[in-house]
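Could you build all of it, start to finish, from the sequences and the hints given here?
Number of protein chains: 6
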Amino acid sequence: MQGTLEKEIGAPGAPFYLAQADECSVFSTAHANKLPVLLKGPTGCGKTRFVAHMAALLNRPLYTVACHDDLAAADLIGRFLLKGGETVWIDGPLTRAVREGAICYLDEVVEARKDVTVVLHPLTDDRRILPIDRTGEELNAAEGFMLVASYNPGYQNILKTLKPSTRQRFISVEFDFPKPDLEAEIVSAESGLEINRVKPLVRLAGKFRSLKGQDIEEGVSTRLVVYTATLIAQGMNVDRAIRAAMVEPLTDDEDVKLGLLDIVAAVLG
Amino acid sequence: MQGTLEKEIGAPGAPFYLAQADECSVFSTAHANKLPVLLKGPTGCGKTRFVAHMAALLNRPLYTVACHDDLAAADLIGRFLLKGGETVWIDGPLTRAVREGAICYLDEVVEARKDVTVVLHPLTDDRRILPIDRTGEELNAAEGFMLVASYNPGYQNILKTLKPSTRQRFISVEFDFPKPDLEAEIVSAESGLEINRVKPLVRLAGKFRSLKGQDIEEGVSTRLVVYTATLIAQGMNVDRAIRAAMVEPLTDDEDVKLGLLDIVAAVLG
Amino acid sequence: MQGTLEKEIGAPGAPFYLAQADECSVFSTAHANKLPVLLKGPTGCGKTRFVAHMAALLNRPLYTVACHDDLAAADLIGRFLLKGGETVWIDGPLTRAVREGAICYLDEVVEARKDVTVVLHPLTDDRRILPIDRTGEELNAAEGFMLVASYNPGYQNILKTLKPSTRQRFISVEFDFPKPDLEAEIVSAESGLEINRVKPLVRLAGKFRSLKGQDIEEGVSTRLVVYTATLIAQGMNVDRAIRAAMVEPLTDDEDVKLGLLDIVAAVLG
Amino acid sequence: MQGTLEKEIGAPGAPFYLAQADECSVFSTAHANKLPVLLKGPTGCGKTRFVAHMAALLNRPLYTVACHDDLAAADLIGRFLLKGGETVWIDGPLTRAVREGAICYLDEVVEARKDVTVVLHPLTDDRRILPIDRTGEELNAAEGFMLVASYNPGYQNILKTLKPSTRQRFISVEFDFPKPDLEAEIVSAESGLEINRVKPLVRLAGKFRSLKGQDIEEGVSTRLVVYTATLIAQGMNVDRAIRAAMVEPLTDDEDVKLGLLDIVAAVLG
Amino acid sequence: MQGTLEKEIGAPGAPFYLAQADECSVFSTAHANKLPVLLKGPTGCGKTRFVAHMAALLNRPLYTVACHDDLAAADLIGRFLLKGGETVWIDGPLTRAVREGAICYLDEVVEARKDVTVVLHPLTDDRRILPIDRTGEELNAAEGFMLVASYNPGYQNILKTLKPSTRQRFISVEFDFPKPDLEAEIVSAESGLEINRVKPLVRLAGKFRSLKGQDIEEGVSTRLVVYTATLIAQGMNVDRAIRAAMVEPLTDDEDVKLGLLDIVAAVLG
Amino acid sequence: MQGTLEKEIGAPGAPFYLAQADECSVFSTAHANKLPVLLKGPTGCGKTRFVAHMAALLNRPLYTVACHDDLAAADLIGRFLLKGGETVWIDGPLTRAVREGAICYLDEVVEARKDVTVVLHPLTDDRRILPIDRTGEELNAAEGFMLVASYNPGYQNILKTLKPSTRQRFISVEFDFPKPDLEAEIVSAESGLEINRVKPLVRLAGKFRSLKGQDIEEGVSTRLVVYTATLIAQGMNVDRAIRAAMVEPLTDDEDVKLGLLDIVAAVLG
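Chains as they are written, first to last, in numbering that gives the first Met the number 0: chain A, 0 to 268; chain B, 0 to 268; chain C, 0 to 268; chain D, 0 to 268; chain E, 0 to 268; chain F, 0 to 268.
Honestly, the hints are just simulated from the structure, not real lab data. Possibly wrong hints are sitting among the right ones.
As the list claims (entries may be wrong) - Heads up, simulated EDC-like pairs for lysine to aspartate or glutamate below, C-alpha to C-alpha not over 16 Å straight-line: (1) C:33 to C:99; (2) F:39 to E:251; (3) E:162 to D:216; (4) C:162 to B:68; (5) A:39 to A:193; (6) D:198 to D:184; (7) B:33 to B:124; (8) C:198 to C:180; (9) A:39 to F:253; (10) E:33 to D:216; (11) D:162 to C:68.
Here it is as structure tokens:
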């Protein structure tokens with residue numbers, strides 16, 4: 000299995016990551032050819048961990064920026080601050096990555112303000128430059144610099160989408176929740192709960208995910224399955240742990256909760 | 000009864016709190032395993048008091064932030080201020096909590112601006128870091144740090160919801176108004192009114208709460224029952240106290256007020 | 000009559016106020032028990048005067064803040080200003096009231112920005128604290144501090160309402176225009192016009208108020224009756240004074256004005 | 000005729016103003032009794048000139064503020080400015096008027112931001128105070144201070160209206176275009192065109208005003224009649240002058256222009 | 000022909016301008032009588048050139064401000080800037096024009112923010128003053144100062160119109176594209192292309208302008224005809240030049256382009 | 000073939016560019032005659048590369064500005080910054096281009112804020128001036144200065160269009176994707192993949208582009224074909240490379256992806 004295989008080549012000290020498919024080699028090839036990469040996939044399926052893992056494998060520093068409605072270009076590039084009566088320029092995380100040849104990871108890039116996505120353009124074509132209008136500098140990206148962005152296609156709406164002129168600057172890699180065996184292995188490793196007690200939780204997560212778009216907005220993440228297993232490993236009652244970490248986090252609707260609890264009873268019987 | 004039981008183990012000097020169910024042990028387990036917690040429940044049912052109580056039990060400092068429309072990431076993280084011609088960094092409450100290993104409680108987190116919820120992400124996964132873009136610092140949360148958020152599912156609307164990518168980072172605990180006997184005990188302890196005079200007020204509160212979503216937007220809070228009992232304990236006429244503290248605060252509609260006063264007459268009559 | 004009665008106990012030097020009902024004793028009880036108070040009632044019925052009167056009676060300083068769309072938390076709490084190259088903190092009116100144990104009166108509180116109402120929360124529960132994020136201070140309200148807010152239920156609209164989580168933190172007292180005899184007494188005292196010449200104006204105001212919600216947005220305030228009586232006391236023709244101070248201020252619609260003038264003729268004719 | 004009469008008592012040096020009715024005595028009475036005044040009337044009918052005239056008659060300085068969408072409270076009250084490394088307070092026009100006992104005239108007050116209208120409240124009741132939150136000062140209005148506001152009821156729309164709580168703080172005086180004989184006298188005096196050549200222009204203005212709300216948004220102002228007469232007095236052809244100063248300023252619609260020119264032909268023959 | 004006539008009296012060194020009608024004398028009369036002027040007309044018909052021409056004829060400096068959505072009053076009036084630790088006032092273009100007795104030309108005035116149009120009011124009535132609230136100054140306009148504004152009635156929409164209270168402060172002069180013979184003369188003079196080769200282009204422009212409001216938003220400007228003639232004079236193929244400078248600038252719709260090219264073929268054969 | 004021809008005359012060291020038609024000579028003529036140029040065409044068809052190529056050919060410096068929602072006039076023109084207690088003016092990219100006689104390229108100009116497009120007006124007519132309101136300077140564009148803008152007509156929407164008054168100031172040149180033979184030549188040169196292996200990819204791109212407006216928002220760019228060829232040249236499986244660089248970047252819809260993969264199978268067999 001490729002996941003197991005790629006884990007073998009993981010650098011010692013790299014964050015634990017079990018590959019789902021060939022995402023590691025696509026990422027490496029893109030890095031070697033200076034192509035930016037876009038990671039598409041649902042909440043909590045492991046995109047952030049994957050990038051941390053690859054940064055360690057490729058031996059590059061990693062700058063992660065969680066994007067949001069108010070994230071502006073200056074938050075990425077830098078600002079002038081007053082020090083001793085002087086204005087001093089302070090690099091933002093993108094500028095630091097460009098100077099150091101690091102990986103810059105923009106998590107949920109569609110959430111950022113429009114000026115952010117456009118700042119990325121000259122960094123994502125063959126020029127690989129970052130013009131800093133405020134200082135008049137124009138930086139050439141250092142060897143090893145790579146731009147990575149992620150977004151969740153399930154959230155796409157009319158107001159928040161990547162413009163084709165931005166999107167067509169990235170190689171895209173699709174993510175999904177890990178396959179059951181792989182997910183059980185991950186959850187057991189993260190929570191310390193033995194794998195046979197994890198497997199029913201993963202089966203339950205699969206059932207919940209099939210309800211996405213009907214009763215619940217988003218399927219249960221691997222992270223929540225880890226939470227549940229952690230609570231159980233601490234001695235909490237299984238039903239109570241599932242309610243706290245797999246049911247209540249998904250919905251506020253009493254009817255939907257009852258439906259989910261019925262599934263719990265059916266699966267865990 | 001669990002509420003009484005848990006009260007027994009309360010630290011001396013901890014704010015008075017009567018547990019409704021197993022919320023104290025779920026919270027303690029989450030704290031021990033570095034899992035963030037989301038408290039769901041209606042206005043005035045005791046969530047804030049519960050967090051103060053748990054912080055005392057766990058012997059952790061508590062930073063409470065009341066979230067609102069204009070609360071921005073900088074309000075949590077900190078700002079540069081001018082001192083003697085220098086810009087000096089001043090930590091916000093979240094940063095202080097991260098440094099000191101305190102509990103940071105974000106009350107009504109859905110009210111905050113979007114950039115706030117995203118700041119929380121790297122603190123709520125296994126990295127437990129707080130990147131401070133303005134200073135270039137990246138803080139590791141001190142031992143004992145815990146993030147707690149609350150929200151009222153009754154207010155949920157289309158514009159203001161927690162994104163699944165935020166919500167699935169928390170263990171969720173549901174709250175409701177205390178059961179009648181417990182609520183009477185609480186109100187009597189808070190107001191100084193003897194318990195037999197409190198019980199009809201609690202019965203009345205139960206009747207009013209059953210009207211929620213029909214004539215009134217939100218059921219009467221335990222706080223208002225305490226107010227009413229306080230006014231009565233000061234010698235105010237019972238009907239007058241109920242009008243001032245349990246009827247007028249719920250509605251401006253004259254017809255609804257008359258309906259509520261009819262219920263008062265029927266219950267206390 | 001209670002109004003007369005309470006006037007008797009008014010402190011010498013307190014602003015003139017004739018009580019409509021038991022509002023003075025409810026307010027005093029709330030103050031003694033550290034409960035915040037919300038005054039509900041129409042424009043110009045005497046809420047502001049009442050608070051000034053009570054502050055004098057209770058011998059507390061009074062800070063009044065007229066709330067509006069752009070009133071932000073910083074306007075209440077305070078700001079840093081540059082003085083001699085240093086940033087110096089300047090207390091806002093709420094902070095001053097908290098430090099001095101004064102009454103802080105927020106007039107038309109629903110008009111304020113949302114961050115204001117939430118600032119009030121920790122001051123209105125048993126903690127009675129004001130956290131000042133900008134300085135890292137947490138003030139305990141001094142003995143005697145009281146929070147009073149007012150709003151006009153007639154204006155309530157979907158965008159501007161008090162959230163239950165704010166509203167259920169206040170004892171509520173309802174106000175209305177004074178009863179005719181009381182209003183005539185007030186208007187005569189304020190304008191210097193003898194009471195027999197005031198009474199028809201008060202009768203006319205009553206007629207106009209009954210049209211509220213039909214032809215006019217809001218009934219005529221006691222203040223406008225005082226204006227009218229003042230103009231008449233200065234020798235202005237009665238009809239001219241009524242037009243300038245009781246008709247033109249209510250409407251711009253020519254047909255509605257004619258209707259009001261017909262009522263004037265019928266009542267005073 | 001009252002207009003002539005009042006002109007007689009005009010102070011030497013006061014701006015030329017012909018009274019339409021008793022507006023001068025109502026204004027004087029309001030000033031003497033410290034009552035604020037609201038002037039209602041269409042564009043260009045002489046409200047601004049009237050206030051300048053009354054300020055001269057009453058021997059008070061005059062501060063005029065043209066209100067607009069971005070006029071904020073600080074524009075009226077004042078601001079801190081940096082001077083020599085110190086922040087220095089600079090009074091705004093309202094504050095200056097309050098200190099000097101001047102007349103402060105807020106032209107088109109409905110255009111101002113909401114925080115402006117609320118600033119006016121404590122100045123328009125018997126307290127006559129101006130609290131300056133930024134400095135912590137509370138000014139008592141000097142003897143002679145008067146607040147005057149104007150607005151054009153023809154513009155009233157749902158978004159921009161005076162709230163009753165503001166409006167009911169003013170005595171209201173209605174203005175309209177001057178009666179034909181009076182308007183001819185004014186136009187002749189202002190333009191230097193002899194009165195017999197002015198009269199047809201005034202007749203034409205009357206015809207145009209009767210179309211308001213049908214083909215044109217607002218009737219032609221006295222100012223435009225003065226412009227027209229000025230151009231004619233300079234030797235411009237009458238038809239050309241009317242087109243440039245009475246037709247083109249009213250509309251861009253070619254059909255409406257033709258209709259207006261037909262009226263010109265009919266009236267001036 | 001008046002155009003030719005007025006050209007004769009042009010000052011040597013004044014920008015080339017061929018008058019369409021009596022606009023030069025109306026402008027001169029307005030200037031002599033201190034009346035502001037509003038120029039109405041389509042894009043690229045010569046309004047800006049006309050103002051430059053008149054400023055030279057009248058021997059006045061000219062300040063031109065291109066108005067836009069974000070143009071605020073401070074952009075016209077001036078600002079405080081920090082210099083050597085002091086705040087220093089810097090005049091804006093309107094203030095400079097007022098001080099120097101220059102012509103201030105506000106191009107596309109309807110695009111400006113609302114606070115701009117209101118700043119103009121005290122400058123456009125007989126007071127001719129510019130109050131500068133920030134400094135407390137009140138400037139009297141120097142002899143020769145004149146305010147000129149332009150707008151394009153074709154763009155008028157509900158959100159962006161001149162309020163009657165602003166518009167009725169200006170004499171209005173209507174502009175249109177020059178008559179064919181005049182336009183050919185202008186284009187030939189500007190491009191250096193001989194007049195017989197220009198005439199078909201002018202004929203074509205006339206055809207295109209008749210489509211305004213149907214297939215194209217705005218008729219082709221004289222400027223574009225000059226561009227086309229310039230390209231041809233440089234040796235570019237006529238059809239190619241027309242496509243680049245008269246067709247592509249008008250539309251992106253392929254069908255409309257084909258329609259325009261059909262007209263080109265019909266007119267130029 | 001013209002493309003080949005023009006390449007011959009390319010300056011040594013100029014960025015590689017294969018002309019599609021006569022765009023190079025139109026651009027040169029416009030530059031020689033000081034006419035601004037607007038480039039219209041889809042995402043990733045080579046507009047940016049074309050401008051870089053022409054700047055090198057014409058031996059002019061190039062300033063490129065990627066426009067976005069928050070790009071304001073000051074970002075182009077410059078700002079004051081504090082240095083050593085002084086405010087120092089820093090030129091923006093447009094000002095630098097104007098001073099140096101460079102080419103200023105505004106990529107996706109319709110995305111910029113409205114104040115930007117209007118700043119361009121005095122630079123695009125015969126005045127060729129840049130007024131800098133903040134400093135009171137008025138710059139004459141140096142010899143060789145040229146303004147170039149681009150936009151993608153496919154994105155045009157109601158809110159974001161170039162006003163005719165801006166658009167009619169530019170010569171327009173239309174771009175499209177290169178013809179198949181030319182595109183294959185470009186992709187092979189850029190990716191290092193031999194031309195026979197590139198040709199099927201170009202054929203596939205043509206198929207995908209014909210779906211624009213039906214299943215996909217925008218046709219696949221030449222850039223993505225280069226990405227795909229690069230991955231293949233690195234040894235990646237052809238189908239995998241196409242999925243990562245030509246399918247996933249176009250859509251998130253699973254059905255559309257399957258449709259695209261069917262086309263891949265049909266074309267590549």
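Failing hints, ascending? 5, 10
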